[in-house]
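With the hints as extra help, turn the sequences into a complete structure.
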Amino acid sequence: MLPGMYEFHFELGHLIFLGGFMTIGAVIGATLLITLFRSTRIVTVPGGATAIEKESTAGVLHHVGHTLLRPLAGGTLKISLDDLGTRLLGRPDRMRLPKIGQRITEGADAVKLWRKQSAATIVAPVSGTVVETGGHDDKWYLRVLPDATPVEGENLMGAAKVRSWLTSEIDKLQAILSSEDLGLAMADGGEPLPDLPSAVPDADWQKIYSEMF
Amino acid sequence: MILTQRRTTILFFIIGLVVAMLAGWIAVPAALYESIEQPLGFSHVVHTSDDAGMECDDCHHLTSEGGFAGIPKIAVCVDCHEEAIGTSVDELKLVEEYIKPGREIPWLVYARQPDNAFFPHVRHTRLAKIPCEQCHGDHGQTETLRPLKRNRFTGYSRDIWGNDFSGITTSPPFSMKMSDCVDCHRKRGVRDSCLACHK
Amino acid sequence: MGFSVKRRDFLGLVGGGAIGAALSPAPWKGLDDIAIWTQNWSWKPRLPRGPVEVAFTHCGLCPAGCGLKVRSVGGNPVSIHGVPGHPSSTGFVCALGLAGRYFSYHPSRIVEPTIVGTSGQRRGISRKAAVRQLGDWLDKARSGGGHGSVAILDNHPGRVRSLAYRGWLATLDGVHIKGLREDTPINRLRTMLDGPAPELGLDIARARTVLSFGAPVLEGLGSGGAGAHLRGRSDTEKPYIVQIETRPSRTARGADLWLRIAPGTETVLALGLANILVSEGLYDKEIIAQQALDLDGPGGYRELVARFSPKQVSRITGIDAATIKKVARRFASGPAVVIPGVDPGGGPLSAEAQTAAFSLSLLNGDVGRPGGVVARRAIPQEGQLADTVELADVPDGSIRLLIVDGAAGGCAMPTSLLKRKLNPSEGRVVSLSPFERSALHGADLVIPSTTPFENIDEAGVPIDAPVDSMGLTVPSMRAPDYSVDSLSVLSMVAKSSVVPTITELLRGRSDRIHAGGRGSVFDPSKGESVPLTEFQTNGDLWRALMGGGLWTDTSAAFTCPPFRLMGANAAIRDRLPQALEQPSTADRQAREIVLMPFGWRDAPGDGPLPPVMAKLFRETRLRLDSRFATICPKTAGELGFAQGDKASIKTSLGSITVEVVLDPAVVDGVVHVAVGPSTEAFGDASPGKGDQPLDLPSCKNDDCWRVIPAKMLEVVS
Amino acid sequence: MIEPLDNRAPTRVFLPWIGFWMAIFALGAYCTVLCLSQGLFHTNMNNRFGFGIWIFLDLTVIALGAGAFFSAFLLYILKKQALKDVIGAAVVLGFICYSGAVVVLAIDVGQPLRAWFTFWHPNAHSMLAEVTFCLTLYLLVLAIEYVPLILKNPSLSKNVSLLVFEGQLHKVVVVFAGVGAILSFFHQGSLGGLYGVMNGRPFAFREHFFIWPSTFFLFILSAIAAGPSFLILINKLASKISKKQLVRKEAYDFLGRISGWLLLAYVGLKSVDTIVWINHTAPASGYSASEFFKEASFGTWILFAEIILFGLLPALVLINNRLRKNPLVMIVAPLLVCIGIAINRYVMTLQSQSLPTLPFEEFVLYTPSLVEIGVFGGMLSYGVIVFSLSYRYLPLFPGLQQKAKT
Amino acid sequence: MTKTTPKKRYGMVIDIDRCDGCGACMVACSLENNVSVVPAGAAPHRGLTWIRVYSVTNKKEYPDSDTAYLPVSCQHCGNETPCVGVCPQSAVDVDPKNGIVSQIPERCMGCRYCMVACPYHARYFNWWDPEWPEGTEHLLNPGVTPRMRGVVEKCNFCHGRHHAAQERAASEGRSEIEPNEYQTACAEACPNGAITFGDLADKNSEVAKLAAGPESFQLLKSLGTEPKIYYLTQRGWVRDMATRTPLISKGQSHD
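Residue numbers (this note's numbering), protein chains in the order written: chain A, 8 to 220; chain B, 17 to 215; chain C, 28 to 744; chain D, 447 to 852; chain E, 41 to 295.
Treat the hints loosely; a few may be bogus.
For lysine to aspartate or glutamate, the following EDC-like pairs were computed, each having C-alpha atoms within a straight-line distance of at most 20 Å [stated by the list, open to error]: (1) E:K100 - D:E808; (2) E:K99 - C:E665; (3) A:K179 - A:D202; (4) C:K677 - C:E619; (5) A:K168 - D:D452; (6) B:K193 - C:D60; (7) C:K96 - C:E80; (8) E:K137 - B:D208; (9) C:K446 - C:E463; (10) C:K448 - C:D200; (11) A:K119 - A:E139; (12) B:K165 - B:D131; (13) A:K119 - A:D90; (14) C:K338 - C:E307; (15) B:K109 - B:E53; (16) B:K145 - E:E216; (17) E:K261 - D:E807; (18) C:K677 - C:E665; (19) E:K249 - E:E266; (20) E:K99 - E:D280; (21) E:K100 - C:D283; (22) A:K168 - D:E449; (23) B:K203 - A:E14; (24) C:K448 - C:D414; (25) C:K661 - E:D106; (26) B:K89 - C:E80; (27) B:K193 - C:D59; (28) C:K56 - B:D180; (29) E:K99 - C:D690; (30) C:K673 - C:E741; (31) C:K522 - C:D166; (32) B:K193 - A:E14; (33) E:K100 - C:E665; (34) E:K100 - C:D695; (35) C:K96 - E:E221; (36) C:K56 - B:D199; (37) E:K261 - D:E653; (38) C:K167 - C:D471; (39) B:K145 - E:E212; (40) B:K145 - B:D199.
Honestly, the hints are just simulated from the structure, not real lab data.
Only a predicted model underlies this, so the values are computations on that prediction, with no experimental measurement involved.
The structure is reproduced here in structure tokens:
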């Protein structure tokens, strides 16, 4: 197999044959290693694990815009940011919520939040009328009376689907973060970081918000 | 805190390193080989001394067909030891247990190769003029017979792998693995097919 | 500071361990050992180790007695080679000889005496008990019967051991029975000579014509390699070989002329040839005029053969008249050898066929002529000896105790033939054989003896040897403790006489040879012969013989004595003309066939064989064993059989199941089945006696089982 | 505890199904132990038949498993999005075929422990060395491609590291698709080369282009023609058994069309190859082609069946846009394709050995022993089990998911 | 630096007309090379016969019927050796010094590709564990290692004897063996002298002269494998049956 071993001959055929296979083996090995390395790196993206772990409550619907729908008494729904969404914004500097009685439409802009000169636009997960807004700091919410029950929609999902979707979202985030060479391998993996913009201040957060929400 | 963490990690790393190296260099070889005593004590020095006056090839000669006779049969011992010479335990054992009943002594061979290896001693000693000591060491000058170290897994004598567990031997006796044969053959420009040395 | 092991620390430990291990030789050595282990497969035998020792001996497996070079390691022969320049075998060893050392370890070898109990089951007993039992039976046999009630069947008569048997039997009024061997028919010729006859040999090598009636001339008959010499010599000096045989045997294939004779018509052909010799005046007129006692006159030979006209003979034998004439003329053109063959499985020709065949030799003046039948000089013998008879001459039911010597004879015999000779109620058979199955099925008592490579004995003098010789089968393996020499058994039971040991006997003959001062001794290690006179003492000769040497006698001139062309036996003489009454080959009835058993020269019966012989019979179909029946496509077609079919061959005594093999060279109406080897002959773990063709024949009035009427039926499964 | 996907068969239906196949698998495992522990005398192979049904089976499943690399190649490299529906099933099928083939190969060789020699001291001139290298590497690639599928199981995707790993693998799948295509190309070819290079076997020997005999290319072409057909068959079978529409019609159509055209090309080249062989290659070795087909068991009918009945006919059917719309045709035609490829592998493996080259040797027919069939059955059941489990626990069919959601 | 030794080409000439099918060569070969015996009931073609004597008849009736015996062993092909190129693990070896084609059992993994590739059916597989009756392992030839189950074996011109000859020569101080010192077991055992073994490259050797003679031919010569076993016969039907001629010119087939 290698020079010096029996049956290794310095012949063109041998060199091409073994060289070819070693190259292919090396490509496979290298790709695998890179993938593994990248996978270990993303674990250090703060809060990823908990972001997914937390989203396993039954009865809660997720929207692809990183909002949660929690059924409340009287057929109303409570809309809030999901865990990943919360972390992405950390503690917003400024927010603009719809007014009570205002109608919101699924897929249309509903809430706007600012953090460090970057703005995130949150779309409504459901069409309906806002009956209550509230919260402070990062814990804002909307209470909405939906137009139709049961609440359905292509962009809504239950607990069963949410994990794979969230993974791809984290993937997406990781892709953006890794593309920017931010030296992310900085802290122990798995520790929840509630405020990502503080942890990674150099990232292009405007881009992240527009991609993620 | 972070610094302490690093330090304990380094400590553990070193512990792992040292333990594994100790195991690899000392414990494994000790466990891998079993030590088997020869059936009888034998002194090459006494036999080749001026008193006994024997030459190496009195016992380790070539047969009529050119093969190597190896360790002599009891018939050779009988020539001198028909009656016990002296009173040592081994001497009495030789006469009582082997010579009188005519039993062969089950000597253990340090350099035993597997069945499929063909090693013509005569080609190496007579044609290539390689001294016996190159592979067998100063066995001919020993007072006693060392126990045979047998690999529990493969059944091979340790002499085949070489006395140095690292597998790197720089002075005789050299190890007797196939790669050793090949190295020497390549050095001497002998290139052969498999069946030249395998049967 | 609180100390707790974190995951990191553990990783550190593992990492350090891995690097540490990699820096030590252990894992690399481990990989190497595993690599070795995958190549070193333990489930194969270990080779013998040690220096190779070379010795010389003779083979005791068949009458040829070939010279052997034995290479041994640690007392075990690891290879056998021929001895170039050996006066008799000239470097030849046959397949069986090469492998014969495996007999000693044959799985069917018996390791203790066995006896058949009252229930019919065979059980082991001690040697002491076996000898006591033999003694009891001996006493009983002697008290119950007269002459011949005790007998020894000797498959290798003529050795010094046979002389010891005869000496012992003389004290018991017993008889010494010759086992069947390829040289047995020579005795027929001796009886045709008037007065005491010397030992005779067939000088095949110098013959101009060899007329073989089914003898395996090219397959091992006579001395080792004789057949090969006949083939290999250039056409001008080579004898012209005429093979008279039904089967396309290897000899028939290799002969100069193969006469495919109809089954059982050899007598007719022989007398037909005589007819031409007489009618055309081609016989040796001088000798016939001087010595023939029964040529002319009423009931004379001339009158007999006149009836066997070529046309008649052609009708019966299926050989055309022109060929018969051609053969007769060739035969008369010089010294010729006639061999009434003994087939290793098919047995001898009928007595009248043997007589008719040998009458050709006498007619041609070949007795006493080089290239014909030559006489061997004898070494004087001493003491009183019992009669030697042939089995055919033993009255039925006369034997009360039959002791079977374990020597290999080379020819198989039907069970029924021996059984007939035993006393129906009290007949006992004691076998002195290393194997359960040799010589005779169901011996009442078997005392294990040695195999040929373990015991010293005299090698044979082959049928084609012109002179006497002495070579020893010097043991090349140690005889196991459970085996015993046959003479030791006799000396244990003998009460009134002293039985000498085999070594004493051999030494005695060696000394007598030395005293005779004739001949020369071959030294196998040098490959050359020296005159006997150069051996100063008898001890020198003995040492040479023990070193594998061969003494050969000098030849002497021999003048043919008066003889009877039709033999001395009136019964046989009367049967000769009856041969004409056989039906023509064309008269064969539909669906009626004959079974002709045959044997392989080196694997004659159902006895054990070295496992490696399976290569010839089982791993290839180079030779067909008793599982196959060869038949011509025409007959098979008539009977509704095709290649590969299973068939049952049925005779009056039973049936065997065979696979049909078609061969267009086989004669119509005949099915050939080999006598052995049986499937278990090669020492497989699952013994179980298969049906053998020799269990089938019933020998009614003569001792010939070559042609057996049979039916071939489909096997209904 | 790993849970099945939402809309899969209930356990009381699934258990007997899988139990049945497990029983067959156990039988196969027993036969395997017999062969490995006692020797290959349990088979009916002999010195004239060094290759038996196992090699035939290996060759066939590897040809049929070509759907995996070819689909991946079309989807990831040539961006044929129609194949998105079947790629999961294709990967699982490929993995089953290749892993099964490797295991059967390990039983088939007398001393599997020594297989490392092929890597350590390879004979670069041997087609079998090439096959071994490619097969091992490609099996690794298939396993890597299989991993993301496994990780998509909801129970497993609870573990974020695995999830992340899966996402990362997705990104490099194009690399593996590319590598897989190269490896598959070569080992499908080398499997054909296996026979074409045997200069001592006039029945198998073929003309060479550079170092490769024509069978090298024919095997590649036939494999990529049969792979899509096999995918159609298996997906249809799975749909039938699960009573669900698993794959969209467009995917079937695409697969059918591509299979048809490739097969047509193959049949054309195979015919040219056969004509050259009959008129040129075989006679040059001293054998007239008629000798090869004189035994009834391997008469010219087998040539006709291989090229026309199971080659040209399904090819013509599959390239016809109208016929492809017929669901029955879309079962029968791919089935014919697969049988045709199996016949080709059978002929190359077994007929080439049945015919003696020595004129005085006999024609030998070989029938597999029960143990061989047992191992065969074991491998088949292994495939069914792995596919069933994959279907039950893994989202093999993205199309199905979509349907369930809406 | 490679020592310059005269290149040998060991080969054999088998005179079919002398062979009477006794099988001594098969037995001698098996004993010499410790070839094991397969169990009873083994199916046809499962035995181990490094040299195998085929018996071939001309399928004619008496008196025209004729039988030829053809001993076939490994033909030690000299060109495009079919088995060498196919072995994936280099277990088939050709000795560059003498042209002997060998099979290394310890390196063989038993894929049997070489058996399929061999046109002479001269390679044999160990379907069983090799077995000798108890005790007979002491009778094995110490010069040849027995093969294990699951590997291919074949004739290697009695390489154990080649070793022995070399050893004997070395004990006399010679590095090369004399022609008469090395004979195969089959050649030695053949009672009819049908097998002549020797160096084909030595033009004066008996074997080279016979091989060059007009009666010699090679099995399946048309395959272009150039066997180093030659056969002799005067019988036309045997020669016609055993040899083949290309039906078209071979030159065209290689482009």
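Okay, the hints, checked on the actual structure:
1. E:K100 - D:E808: Given that 20 Å is the threshold and the Cα spacing comes to 18 Å, the pair holds.
2. E:K99 - C:E665: 19 Å, holds
3. A:K179 - A:D202: 18 Å, holds
4. C:K677 - C:E619: Judged against 20 Å, a Cα distance of about 11 Å means the pair holds.
5. A:K168 - D:D452: 11 Å, holds
6. B:K193 - C:D60: 11 Å, holds
7. C:K96 - C:E80: Answer holds: C:K96 to C:E80 is near 10 Å, not above 20 Å.
8. E:K137 - B:D208: 8 Å, holds
9. C:K446 - C:E463: 17 Å, holds
10. C:K448 - C:D200: Given pair C:K448, C:D200 holds - Cα atoms ~17 Å apart, limit 20 Å.
11. A:K119 - A:E139: Roughly 17 Å between the alpha carbons, so the hint for A:K119 and A:E139 holds.
12. B:K165 - B:D131: 19 Å, holds
13. A:K119 - A:D90: 17 Å, holds
14. C:K338 - C:E307: 15 Å, holds
15. B:K109 - B:E53: This hinted pair holds, its Cα atoms lying about 15 Å apart.
16. B:K145 - E:E216: Roughly 16 Å separates the two Cα atoms, so the pair holds.
17. E:K261 - D:E807: 16 Å, holds
18. C:K677 - C:E665: Between C:K677 and C:E665 the Cα gap is close to 17 Å, so the pair holds against 20 Å.
19. E:K249 - E:E266: 17 Å, holds
20. E:K99 - E:D280: 14 Å, holds
21. E:K100 - C:D283: It holds: about 18 Å lies between the C-alpha atoms, which stays within 20 Å.
22. A:K168 - D:E449: 14 Å, holds
23. B:K203 - A:E14: Between B:K203 and A:E14 the Cα gap is close to 17 Å, so the pair holds against 20 Å.
24. C:K448 - C:D414: Satisfied, since the Cα-Cα distance of roughly 17 Å is no more than 20 Å.
25. C:K661 - E:D106: Holds - the C-alpha atoms of E:D106 and C:K661 are around 18 Å apart, at most 20 Å.
26. B:K89 - C:E80: Answer holds: B:K89 to C:E80 is near 12 Å, not above 20 Å.
27. B:K193 - C:D59: OK: B:K193 and C:D59 at ~11 Å, within 20 Å.
28. C:K56 - B:D180: This hinted pair holds, its Cα atoms lying about 11 Å apart.
29. E:K99 - C:D690: Between E:K99 and C:D690 the Cα gap is close to 8 Å, so the pair holds against 20 Å.
30. C:K673 - C:E741: Satisfied, since the Cα-Cα distance of roughly 7 Å is no more than 20 Å.
31. C:K522 - C:D166: 10 Å, holds
32. B:K193 - A:E14: 18 Å, holds
33. E:K100 - C:E665: 19 Å, holds
34. E:K100 - C:D695: Status holds; Cα separation ~14 Å.
35. C:K96 - E:E221: OK: C:K96 and E:E221 at ~16 Å, within 20 Å.
36. C:K56 - B:D199: Given that 20 Å is the threshold and the Cα spacing comes to 18 Å, the pair holds.
37. E:K261 - D:E653: 19 Å, holds
38. C:K167 - C:D471: Roughly 15 Å separates the two Cα atoms, so the pair holds.
39. B:K145 - E:E212: 14 Å, holds
40. B:K145 - B:D199: Within the cut-off at roughly 17 Å; holds.
Checked against the numbered hints above, the structure breaks none of them.
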